[in-house]
Amino acid sequence: MSDDQKMGASFVHGLLPHRYPMLMVDAMKEVEPGRRGLGVKNVTSNEHYLQGHFPGEPIMPGVMAIECMAQVAGIVLASGASLAGGGATAAPKPAYLMSVDSFKFRKPIRPGDTLLVDVRVVRQFQNLAKVAGEIRVGDTLVASGELSLAGQ
Amino acid sequence: MIRTDVVNRIKQMIVRRLQLKIKPEDIRAEEALFQGGLYLDSVEALELVVGLEEEFGVTVENSENTKKRFFSVDTLADYVLELLGTVSV
Numbered sequence: 001m002s003d004d005q006k007m008g009a010s011f012v013h014g015l016l017p018h019r020y021p022m023l024m025v026d027a028m029k030e031v032e033p034g035r036r037g038l039g040v041k042n043v044t045s046n047e048h049y050l051q052g053h054f055p056g057e058p059i060m061p062g063v064m065a066i067e068c069m070a071q072v073a074g075i076v077l078a079s080g081a082s083l084a085g086g087g088a089t090a091a092p093k094p095a096y097l098m099s100v101d102s103f104k105f106r107k108p109i110r111p112g113d114t115l116l117v118d119v120r121v122v123r124q125f126q127n128l129a130k131v132a133g134e135i136r137v138g139d140t141l142v143a144s145g146e147l148s149l150a151g152q
Numbered sequence: 001m002i003r004t005d006v007v008n009r010i011k012q013m014i015v016r017r018l019q020l021k022i023k024p025e026d027i028r029a030e031e032a033l034f035q036g037g038l039y040l041d042s043v044e045a046l047e048l049v050v051g052l053e054e055e056f057g058v059t060v061e062n063s064e065n066t067k068k069r070f071f072s073v074d075t076l077a078d079y080v081l082e083l084l085g086t087v088s089v
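Protein sequence lines, in the order shown, are assigned to chains A and B.
Heads up, the first sequence is in my numbering, so the first residue is 1 and it goes up one at a time.
Heads up, the second sequence is in my numbering, so the first residue is 1 and it goes up one at a time.
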């Protein structure tokens with residue numbers, strides 16, 4: 001789909017400063033700038049952290065799921081341009097993770113899973129934003145929680 | 001809306017949303033919420049913005065007065081009443 005191509009790797013690179021091995025968003029399916037976004041992360045056996053988490057039983061660490069959601073939030077906020085980054089024209093700046101609340105991990109995330117990361121901005125005030133997010137694999141909810149992020 | 005109700009609702013909202021291990025009545029309405037009082041931080045300030053908006057159905061504006069308005073429960077109550085268009089009693 002043309003919309004998907006528009007918001008692939010180069011779109012993500014334009015809005016996030018993260019790179020290997022910490023870039024955890026492959027593409028964005030939907031973006032309402034500054035309000036909401038749906039990101040995609042394909043989890044593969046090559047993820048560096050799966051080597052040791054755990055040998056013989058690869059499971060994506062919960063903190064990596066949080067990081068993935070924070071990055072999708074970073075894209076939503078940067079695309080709104082009111083927080084973090086300067087949009088696609090300037091080098092992207094990081095949004096800093098300030099708080100992690102009410103997180104639940106409902107199902108283990110394994111290689112082969114495609115994470116659909118849905119993030120909604122609850123409120124932006126000054127340089128801070130509070131977001132609520134859900135991560136699904138297919139129709140199954142695997143993680144949910146709230147984050148606060150600060151822009152520069 | 002009566003001012004004492006607003007004050008009490010703000011205290012309850014603060015304790016509930018920030019999961020403080022104190023009772024709402026332990027917060028003195030005139031004490032500083034941030035430096036020199038409860039020592040809340042900026043992330044908690046954002047929680048207060050969301051909490052006030054949910055509790056009272058208002059929209060908190062960001063302006064040069066934000067710091068003054070968020071000084072204490074008393075100043076927040078005045079601001080909420082102002083947003084609700086009610087004369088403070």
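Bear in mind the hints are in silico, worked out from the structure with no lab data behind them.
Think of the CB as a built atom: it goes at the ideal place given N, C-alpha and C, for glycine as much as any other residue.
Treat the hints with caution; some may be incorrect.
[To be verified] Some chain B residues judged to face chain A by a derived CB distance under 10 Å, without partners named:
id: 1; residue: 4
id: 2; residue: 30
id: 3; residue: 43
id: 4; residue: 53
id: 5; residue: 55
id: 6; residue: 57
id: 7; residue: 65
A quick look at each hint next to the structure:
1. 4: 27 Å, violated
2. 30: 24 Å, violated
3. 43: 5 Å, holds
4. 53: 7 Å, holds
5. 55: 13 Å, violated
6. 57: 14 Å, violated
7. 65: 13 Å, violated
Taken one by one, the earlier hints fail for this structure at numbers 1, 2, 5, 6 and 7, listed in ascending order.
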